[in-house]
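S.K.: Protein chains in written order, with this note's numbering: chain A, 1 to 345; chain B, 1001 to 1419.
Honestly, the hints are just simulated from the structure, not real lab data.
By construction, the Cβ of each residue, glycine as well, lies at the ideal position given by its N, Cα and C atoms.
One or more of the hints may lead you astray.
Examples of chain B residues toward chain A, derived with CB under 7 Å [said to hold, decoys possible]:
| no. | residue |
| --- | --- |
| 1 | Val1039 |
| 2 | Leu1068 |
| 3 | Glu1069 |
| 4 | Asp1071 |
| 5 | Gly1143 |
| 6 | Asp1156 |
| 7 | Glu1251 |
| 8 | Val1305 |
| 9 | Arg1365 |
| 10 | Gln1367 |
| 11 | Leu1371 |
| 12 | Leu1374 |
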Amino acid sequence: MSSILAPLALTVSTSALLALPLAPALRELKSKRDAHPLATRKDDGRIANFAASLRSHCNKLQVLLFPNGYPEENSFLTAGESRVFVVVRQFPIESQIHDFVLCLNPIQLPDEFHSTGDFYSFSSVETGQRNIFRALMSESEIQIGKDTKVLRWTHAETSLTVNENCALFGRASANRFITLSNHCTFERIYAPMIYTSSDASQLPLRMESDAFSKLARSGIGRMRVHGHAHLCAGQQHRGDLVSTRGLQLDEGSSVLGSAKANGEVHLAEGTTVDGSLVGTKTIHVGADSFVKGPVISEHEIRIGTGVQIGVPGTPTTISAPKIHLAPGSVLHGTVWARVKGRVGV
Amino acid sequence: MLLALFTTVVVLICIYTIRHYCFTISRIIGEQRHPYIDVDSADWPAVTVLIAAHNEEAVVGDILTALLEVDYPAEKLAIVPVNDRSQDRTREIIDSYVEKYPGRITPFHRTGGKPGKAAALKDAMAYVNTEIMLVFDADYVPGKALIRQLVAPFFDPEVGSVMGRVVPLNVGKKLLTRILDLERSGGYQVDQQARMNLHFVPQYGGTVAGIRKSALDEIGGWNENTLAEDTDLTYRLLLAGWKTVYENRAECYEEVPERWPVRVRQIMRWAKGHNQAMVGYSAALLRCSNVSWWERLDGLLLLGVYMMAPVLLAGWILAILLFYLGAPIGGGIAVLGLAAFTTLGNFAAFFEIAAAARLDGSRARIQLLPLTFLGFAVSAISVSRAAWQQFTASLRGEEMVWHKTERSRVAPVALEKSA
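Produce the entire structure from the sequences given, and follow the hints as far as they go.
M.R.: Okay, here's the thing in structure tokens:
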């Protein structure tokens, strides 16, 4: 090799070696395959969005399926590529349906019924025991039988009643009220009123106190306690209360404001928090207590019997990875357990 | 003497390298903290949204349109564009919105006073009648659920301020915007969220952010004598026992600089403001009993973050000097070399950005990682220059001047297409 070519070859090969790691970068810079802005959240996150979407789909389907009026018998119909099982009267029906189900009238489902497609009803739905649904929606009320599972979401336009041992994965909502029973599990539920047992509807409901409204108007103020905060029985604290460690409210005590603990929170029987309640560890809300809400824990929330969270007309949120609700309580708004929510003694 | 200085530099760089690794590992395998993300229903409080606007004719219409469409009770949302001495059509555009949407927008046209965002916000407080206020720069485009996401943490009575995530909108424009997109990902998706995970000190960033008015009043309001009112506020709140919360899912589009001179001016302003806070609050933070030891450590490291560029450059110069002076620092050079590599190299800041890109689910853009070295190099020099200017200005007793970041947007954004 000539004396000129050798250093030239060395320079070229060295440059190529140095440039090699940059090749993918330069390629991406030129081709711009991934140069769009990151997608941010567009929806409003409302729990009933799935229901609204299915309702809209059903309204469009109706036009396609029933151009000449409703059928008189249960039948499989097609609309485009969708196959729809239209239910006009009470089943006999096979135990499993894989198509979309559209019910025109009130329906009572048999035990062991499985629906792997979406199930939509213009009227009320009463499921059997040990049913499984992918998604279940009614424009009226829904009663879910014992040991039933809903895998993605359920929505009732009026009320949703859930019997013992049911599992509600994903979202469950109703526009009026939800009644849960013992040993039910859930993830995200919403209704203006949520009863954790059928007798909870008898609980006398409290409204926001006048004293708190007055205080809120004049400026709540805040007290920060270094260490563990403790209110003795019957004691009242006016203003927000923040503890750098745990928080304990003894029987009948109250916070006329919000409370926060960087540790465990223990509310004994008959306590009141007129604002929000926040804890980094477990929050225990004792029997017959009242929290206006929201109630937020980074670990677990345990709510006792006779507890009221939120006030009528002002829904709030109970949020924690794990939530345990005792029967006999009334909650207003959203209960969101990222890992598992459970009703039980 | 030189050897002692050199050893200090090596130790500092190692500390920051470990910090980067801790954050990234927390983000990849640690427990993620989003305590307020599920607050879905609530008695939402009244909120004032302040839009800082100085010569923002190119962008102010977009943010007003977006805010008018957010999912928040309209009767509880006061929109206050703070038109700070604009010379362009900003006033005209704001007034056209006021006329078109009666009762929804309360404009504040500021015609005089001290320049700077903090000074403008201070004057705008006369328009704030709510306990919670949110602050946006005019080039941001909030999504529908953003206001609720930023307000939710204020149900916690310990929270004084909230910071959302900034997402660049004009990513594909230039090499610079692509580099900044990756840097922002690293800064928010990993750095801020890791601080949130670890109960450290997430930083209030001055935009896509919220403040509790009673907390602001307690610490004496806005400090108009700072170039970085955001860092200043973060530390004053921390010292007074208030928490800043980072909400990673409260995302908002912003326009990043498209030209290098604009970027250089922006980062120099940030560096100077941050260094001001470092001088002002380091000692107070060390003495403060309101703050945990972990928060003190993280807070101090965060305060010193813009000093690391000149420290690194000084380390390189010291290493060369000591080498030619024949000082016995063989191992030290090796450590500095490794630390320099891991700070500006593949295994710390780069590792953080790579982790962020993966968490964001973006794939091809990660290939640009080697080019982010260019961004780091420009930042290191600019930040060092800023520190030097600040040092010399303080010797001369000169006051620092606030510079607005220039916008490049020429037409309203079309988010559906871009996302």
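S.K.: Next step is simple, just say for each hint if it's right about the structure.
M.R.: Now the hints, each set against the structure:
no.	hint	result
1	Val1039	holds, 5 Å
2	Leu1068	violated, 15 Å
3	Glu1069	violated, 10 Å
4	Asp1071	holds, 4 Å
5	Gly1143	holds, 5 Å
6	Asp1156	holds, 5 Å
7	Glu1251	holds, 4 Å
8	Val1305	violated, 24 Å
9	Arg1365	holds, 4 Å
10	Gln1367	holds, 4 Å
11	Leu1371	holds, 5 Å
12	Leu1374	violated, 10 Å
Hint compliance for this structure: hints 2, 3, 8, 12 are not met, and every other hint is.
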